[in-house]
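Peer 1: Residues per chain, in single letters:
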Amino acid sequence: MYNFLVDILGNEIIVMIITASLPLFLFVIPFALVAVYAERKVSAHMQDRLGPMRVGYHGLLQTVADILKLFQKEDIVTEKADKSLFNIAPFLVFAGSYAAFAALPFSSIFIGTNTDIGLFYIIAISSLVVAGILMAGWASNNKYSLLGAMRSAAQIISYEIPTALVILSLVMFTGTLNLHTMSELQTSSFLNWNILGGSETGIIKIILIPFMLIGCLILFISTLAEVNRTPFDIPEAESELVAGFHTEYSGMKFAMFFLSEYANMFAVSAIITSVFFGGYQSPFGYLGDLAGIDWLVPIEQLFWFSAKGLFFVFVQMWLRWTLPRLRVDQLMTVCWKYLIPYSFVNLIIIGIITLL
Amino acid sequence: MALQTEEMVLNMGPQHPSTHGVLRLELILDGEVVVDVIPHLGYLHRCFEKHSESMTYPQVIPYTDRMDYLASMSNNLGYAIAVERMMNIEVPERVEYIRVIMAELQRIASHMVAVATNGLDIGAFTPFLYLFRDREKILSLFEMTCGARLLYNYIWIGGLSHDIHPDFLRLTKEFIEYYKPKIDEINDLLSFNKIFIERTANVGIIPLDSAISYGFTGPNLRASGLAFDLRREDPYSIYDRFDFDIPVGEGLQGTVGDSWDRYFVRILEMKESLKILEQAVDQVPDGNVKSAIPKRIKPPVGNIYSRTENPRGELGYFIISDGTLNPFRVKVRAPSFVSLSAMGELCKGHLVADVIAVLGSIDIVLGEVDR
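Protein sequence lines, in the order shown, are assigned to chains B and F. Numbered according to the numbering used here, the first sequence spans residues 1 to 356. Numbered according to the numbering used here, the second sequence spans residues 1 to 371.
By construction, these hints were calculated from the structure, which means they are not laboratory data. Take the hints with a grain of salt, since some may be wrong.
[As the list claims (entries may be wrong)] No more than 25 Å apart at the CA atoms, straight line, and that leaves these computed lysine-lysine pairs for BS3-like:
hint	chain 1	residue 1	chain 2	residue 2
1	B	Lys143	B	Lys83
2	B	Lys41	F	Lys182
3	F	Lys271	F	Lys137
4	B	Lys83	B	Lys69
5	B	Lys83	B	Lys73
6	F	Lys275	F	Lys173
7	F	Lys348	B	Lys143
8	F	Lys194	F	Lys348
9	F	Lys194	B	Lys337
Put together the whole structure using the sequences plus the hints.
Peer 2: Written as structure tokens, this is what we have:
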């Protein structure tokens with residue numbers, strides 16, 4: 001697709017901008033709208049309620065109405081706030097979570113930037129979110145915001161370590177940092193997914209499976225903490241810190257935080273999908289291949305990628321509406337005393353198995 | 001040179017999602033560690049006690065509704081019993097049974113809110129709504145009886161404002177059968193959830209001697225290990241006729257008297273209340289619920305301290321009568337007020353998040369604290 005656009009427009013930079021921003025308009029914003037609605041409906045049905053029912057059929061347009069409301073709201077900046085930091089923070093947070101989408105392979109032909117250091121880039125760029133959150137918390141000049149921001153920074157930075165260790169073990173296993181290549185390696189059947197030992201064969205594949213499962217679990221837990229979802233939603237802990245670092249934000253700036261939270265949810269689900277569950281690969285062949293229609297395959301791949309990603313988003317919502325929240329010291333205990341040692345041991349074991 | 005640090009003062013409330021009303025807690029923090037907690041009361045003060053002095057005795061009852069608004073029936077009952085004792089009124093059997101049924105339904109409803117909000121404070125949203133769904137059923141039973149869902153003005157001096165609806169006993173039985181398995185559901189979902197236990201066990205421990213010194217009563221005292229229940233120790237109404245156990249905190253998940261014990265004692269008490277209800281609904285005799293209501297309520301000169309077991313503890317009414325139609329003085333001993341006074345000791349050395357967990361576990365109602 002990239003080369004095709006270069007042929008039409010003739011300028012590489014314009015094409016790069018277009019391909020990088022496509023996920024935003026085609027995927028992130030529509031996804032956020034749907035995810036907010038889905039979260040409300042999922043939570044409602046889990047709690048014996050109906051959820052939004054008034055705007056549109058079964059409340060389908062509720063999030064659109066909410067966004068319109070947020071657009072109209074007054075943009076309040078508190079008097080004692082550090083105005084420039086206060087204004088930059090939501091955009092920085094959003095940019096950090098959105099930029100990760102540029103390296104995600106939605107299908108074999110549609111990937112924002114097919115860079116060789118895709119995974120490294122995603123881990124690096126999503127750290128930008130921490131800076132944004134700290135800025136928001138500090139600039140608000142509010143004690144709750146500050147506490148929330150401090151907790152958030154500590155949490156995200158700590159949980160990046162197990163995330164990176166697990167991803168590192170998979171990078172060792174597959175020998176690539178490129179998510180596109182990694183997905184390509186897991187082709188043809190779900191038996192080739194990394195969670196089931198990848199393309200290894202025989203006894204090595206069977207030995208690998210338990211360690212892959214552990215790795216997947218660690219990755220899921222630590223990414224859950226990185227996106228501040230329950231049971232790790234301590235930075236926003238509603239009942240303690242009101243709304244954490246975004247207590248003082250209203251209107252569209254609040255919407256930016258909200259949007260980035262949902263974008264982040266999908267981004268981490270997409271990483272888990274790409275790394276462990278075959279990325280955009282179908283678990284069993286393609287209809288397009290069977291029928292001999294070439295253009296159908298990428299569309300199917302997009303479907304599988306979204307479906308797997310949305311499944312993990314659903315699990316995140318499910319957990320959120322089931323579990324209570326941990327305390328900040330317990331959160332750190334989970335990370336430093338359990339996840340990091342386990343993921344480190346896992347890294348070594350997978351490394352040894354890969355060498356064999 | 002050591003880095004200079006300062007203690008931070010964090011105002012929690014009066015507008016805060018987890019202070020259960022308009023309570024303001026002044027938290028002195030060292031980082032996130034609580035050094036001291038100073039509760040500031042009075043945001044909901046409505047001069048109930050002073051108002052009562054210019055009201056006639058029956059007119060005080062609607063005010064008692066508004067103290068502990070999650071247990072209005074129990075407040076009515078305590079006041080009615082106090083005045084009846086002053087005037088030596090014998091109430092009919094039917095009234096006694098209906099009162100016990102109402103008080104126990106109210107106890108379940110109140111404990112539901114206590115358990116639900118304790119979970120909500122710790123981040124469990126779903127059990128909160130499950131419990132409120134079930135509480136609606138109790139409120140519907142009350143609405144059927146007296147038309148109100150929160151502030152009933154139902155238990156009058158010497159009787160009741162209305163007789164119960166013909167379907168009431170059948171529906172109550174249905175509710176008992178409906179609610180029994182739901183308690184286990186909450187246990188699975190919340191009580192024995194690993195995260196919930198981590199958050200509440202060994203947090204906010206109050207040993208028995210300290211609990212007694214503070215004057216704790218009700219579930220908070222029983223969680224510290226003393227089986228003290230006024231329904232058993234100082235029986236009023238007809239509680240001596242029923243067979244029920246008094247659950248105490250055993251420190252199953254941590255230490256006796258921690259937040260989890262205070263939470264779990266309430267779960268167990270709901271089961272005991274169901275047991276009392278089961279016995280009571282089968283025995284309600286016929287009779288006239290208004291036959292013993294006196295024409296003029298004018299207690300003789302004197303005073304009385306009468307106490308009943310509210311869902312939150314010992315609710316005491318101290319009433320001085322000067323022989324006129326208005327009470328000379330009505331003083332209420334509110335269990336929530338006593339519980340709140342221990343916040344400083346309960347929270348010292350814990351984190352900000354624990355303040356919320358502890359506040360939820362002592363189950364205060366600000367209407368009663370401030371009166």
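Peer 1: All hints, please: hold or fail.
Peer 2: Hints, one by one, checked against the model:
1. B:Lys143 <-> B:Lys83: Holds - the C-alpha atoms of Lys83 of chain B and Lys143 of chain B are around 17 Å apart, at most 25 Å.
2. B:Lys41 <-> F:Lys182: With Cα atoms ~23 Å apart, Lys41 of chain B and Lys182 of chain F stay inside 25 Å; holds.
3. F:Lys271 <-> F:Lys137: holds (17 Å)
4. B:Lys83 <-> B:Lys69: holds (24 Å)
5. B:Lys83 <-> B:Lys73: Holds - the C-alpha atoms of Lys73 of chain B and Lys83 of chain B are around 18 Å apart, at most 25 Å.
6. F:Lys275 <-> F:Lys173: Between Lys275 of chain F and Lys173 of chain F the Cα gap is close to 11 Å, so the pair holds against 25 Å.
7. F:Lys348 <-> B:Lys143: holds (20 Å)
8. F:Lys194 <-> F:Lys348: holds (24 Å)
9. F:Lys194 <-> B:Lys337: holds (17 Å)
In summary, this structure violates none of the numbered hints.
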